[in-house]
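Chemist: The chain contents come next:
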Amino acid sequence: MTKEMFTLKSSDGFLFVVDEAVVHQSVTLSPMVQDCAGREYPINNVTGKILNLVVEYCKNHVVVDGGDSSSSSSSGDALKKWDDEFITQMDLSTVYDLIMAANYLIIKGLFDLACQRVADEIAACKDHEEIRATLGIVSDYTAEEEAEVLKENEWAFD
Amino acid sequence: MDFINNLDTDTSLAILSCLDDPSDLVRASAVSRSWRGFVIKQSLSKSLCLKLFHQLARVDRTLETSNEESSGSISSVYALEREHRVYALLAKGCTSSPIKSCVDDAITASSTDRLPEESILNTLDERERIGGTPSYWSSSGHHKTSVPETLLYKLKGDLCVITELSIQPFQDFFDPGRPIYSSHYVRFRFGHLDNKSQDKNNYVWTYTSQQFPMAQENRLQNFKLPEPVLCIGGFVLIEFLGRVQRCDIDDLYYICVTHVKAMGRSLAKSFRVVDPDESGKFGLKVLSYSDPQEMNEKEEEEAGPSVFRPMRNRNLEQLVNFLHSHSTDVQYVWPESDEDDESDEEEV
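Quick note, the sequences are listed as chains H and R, same order. For the first sequence, the positions run 247 to 404 when my numbering is used. For the second sequence, the positions run 64 to 411 when my numbering is used.
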């Protein structure tokens, strides 16, 4: 039985050939299954670098999700481990791009995974200054305003 | 990337909603004005609290001791800021105050066989015997095993997060058969006094646990709640369902308990619950913004011997009866005034 293949084209011209199971993981792309077999489908706001990661995620999630959804805990654990390694090795800038791509393509699992990575990054910071440094944020507080905010919730800033 | 300013609201919300530690949310609000504005406007502290304890859906307003109760609309910036402070503190208290015993006082039993010897007060004391006398509560006897019993307790403060309850049934060693008067099942309810009712003894139960099977064994049995429960109002009702032990002497079924314990985090030093309004919803009032974890650790050092703490606010007759039945063991000095916790209590 031959599977239907689909070609996705990134904003910068890279082509990715994927099967139906991968396409169906994106709510945005799912309808294209009806019309686009054999033709290139442009994804205008996602670069090749990011689309590559999206496709890698989806391919990995097909393998396990293809069986019954209540698969054994060991394969569930293995998938979770893969997800953790997948998202942790990326730098934050790539994670943001992935969030936006997953948001546009509506791939919930990937979106949640990437958002959680950013949240984990914030949670790992011991104070607000470290959050700024890690995420590259410039504060617009005056010294007095900042002192007041810190005083207000003193218990969080030991 | 400063995603609060660069991504859409829903996405930023998705990221910050992943934070489970209230301290993280507070630190996030110190990053920049726009971050703080986002955390406050999106009521993230409140959402975190509701995620942890859906019992908080019964709270609809927040108050601080330094301010009058606001009658303005909840969407005003000031109200949202206050809400943020209050819920951030609540989340911190609910997740990091030390876990300790939370039962403050025994209120009433559905029935008692012999007063004062078998009073519910005995269940506050973990000792099986005091002097030579067994210390336990006994229900009255019934022919039918289906007749339930209840024990009602007051917890420490209006807000307690309860994680686990423990009960030790009573074993009668004077009876050659050494019967253990447990029940078949036990169930817990949390709630508050019903202010609308004329009858001062009416309660509204806002949480009911599953039925836990009880073993017919003389040991402190632990009943861990599937997840910590926030008790709003400070009352816990223990229901004993199904009698299992008959007394040889009178052929009646009884339920008897040596000790009752409720473990959790008391937020009494930080919060008070304000009586429900017509809609039945509560107000949440902050008493102190000090770190709840530190305040509770300090309280441990100040407290007196645990046996006597429940003796506050006891009516005199009960007190005299209690002393009479335990007189060989204990010396007790009645405090001059009963204003504060630390009375002149002594134990032999």
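Warning: the hint list may mix true and false statements.
To give an idea of the chain R side of the interface with chain H (calculated C-beta under 10 Å), a few residues [unchecked claim]: (1) W98; (2) A142; (3) E144; (4) E146; (5) L152; (6) G204; (7) D262; (8) H322; (9) Q356.
Computed cross-link-like contacts, BS3-like style, restricted to lysine-lysine with a CA-CA straight-line distance of at most 30 Å [unchecked claim]: (10) R:K207 / R:K259; (11) R:K344 / R:K217; (12) H:K326 / R:K114; (13) H:K397 / R:K259; (14) H:K326 / R:K287; (15) R:K104 / H:K354; (16) H:K305 / H:K372; (17) R:K217 / R:K332.
Calculated from the model, a selection of chain R residues having no Cβ within reach of chain H, i.e. all distances over 12 Å [stated by the list, open to error]: (18) D65; (19) D83; (20) R90; (21) R99; (22) Q105; (23) E189; (24) G254; (25) N265; (26) F275; (27) P289; (28) E357.
Derived from the structure by calculation, the hints contain no laboratory data. The beta-carbon is built from N, C-alpha and C at its ideal position, and this holds for glycine as well.
Chemist: Each hint should be assessed against the structure and marked as holding or not.
Modeler: Do the hints match the structure? See the list:
1. W98: holds, 8 Å
2. A142: Nearest chain H Cβ about 15 Å off; hint violated.
3. E144: holds, 9 Å
4. E146: With a closest approach of 13 Å, the R:E146 hint is violated.
5. L152: holds, 7 Å
6. G204: violated, 50 Å
7. D262: violated, 41 Å
8. H322: Since chain H brings no Cβ nearer than about 35 Å to R:H322, farther than 10 Å, the hint is violated.
9. Q356: holds, 8 Å
10. R:K207 / R:K259: Outside the cut-off at roughly 35 Å; violated.
11. R:K344 / R:K217: Roughly 21 Å between the alpha carbons, so the hint for R:K344 and R:K217 holds.
12. H:K326 / R:K114: holds, 23 Å
13. H:K397 / R:K259: Since the Cα atoms of H:K397 and R:K259 sit roughly 40 Å apart, the hinted pair is violated (cutoff 30 Å).
14. H:K326 / R:K287: holds, 29 Å
15. R:K104 / H:K354: It holds: about 25 Å lies between the C-alpha atoms, which stays within 30 Å.
16. H:K305 / H:K372: Roughly 36 Å between the alpha carbons, so the hint for H:K305 and H:K372 is violated.
17. R:K217 / R:K332: Holds, at roughly 16 Å.
18. D65: Non-interface label on R:D65 violated, nearest chain H Cβ at 5 Å vs cutoff 12 Å.
19. D83: violated, 8 Å
20. R90: violated, 5 Å
21. R99: violated, 7 Å
22. Q105: Check passes; 14 Å lies beyond 12 Å.
23. E189: holds, 33 Å
24. G254: holds, 29 Å
25. N265: Given a closest Cβ separation of 37 Å, the condition holds.
26. F275: Nearest chain H Cβ is 27 Å from R:F275, so the label holds.
27. P289: About 20 Å separates R:P289 from the closest Cβ of chain H, which puts it past 12 Å; holds.
28. E357: violated, 8 Å
When each numbered hint is compared with the structure, violations occur for hints 2, 4, 6, 7, 8, 10, 13, 16, 18, 19, 20, 21 and 28.
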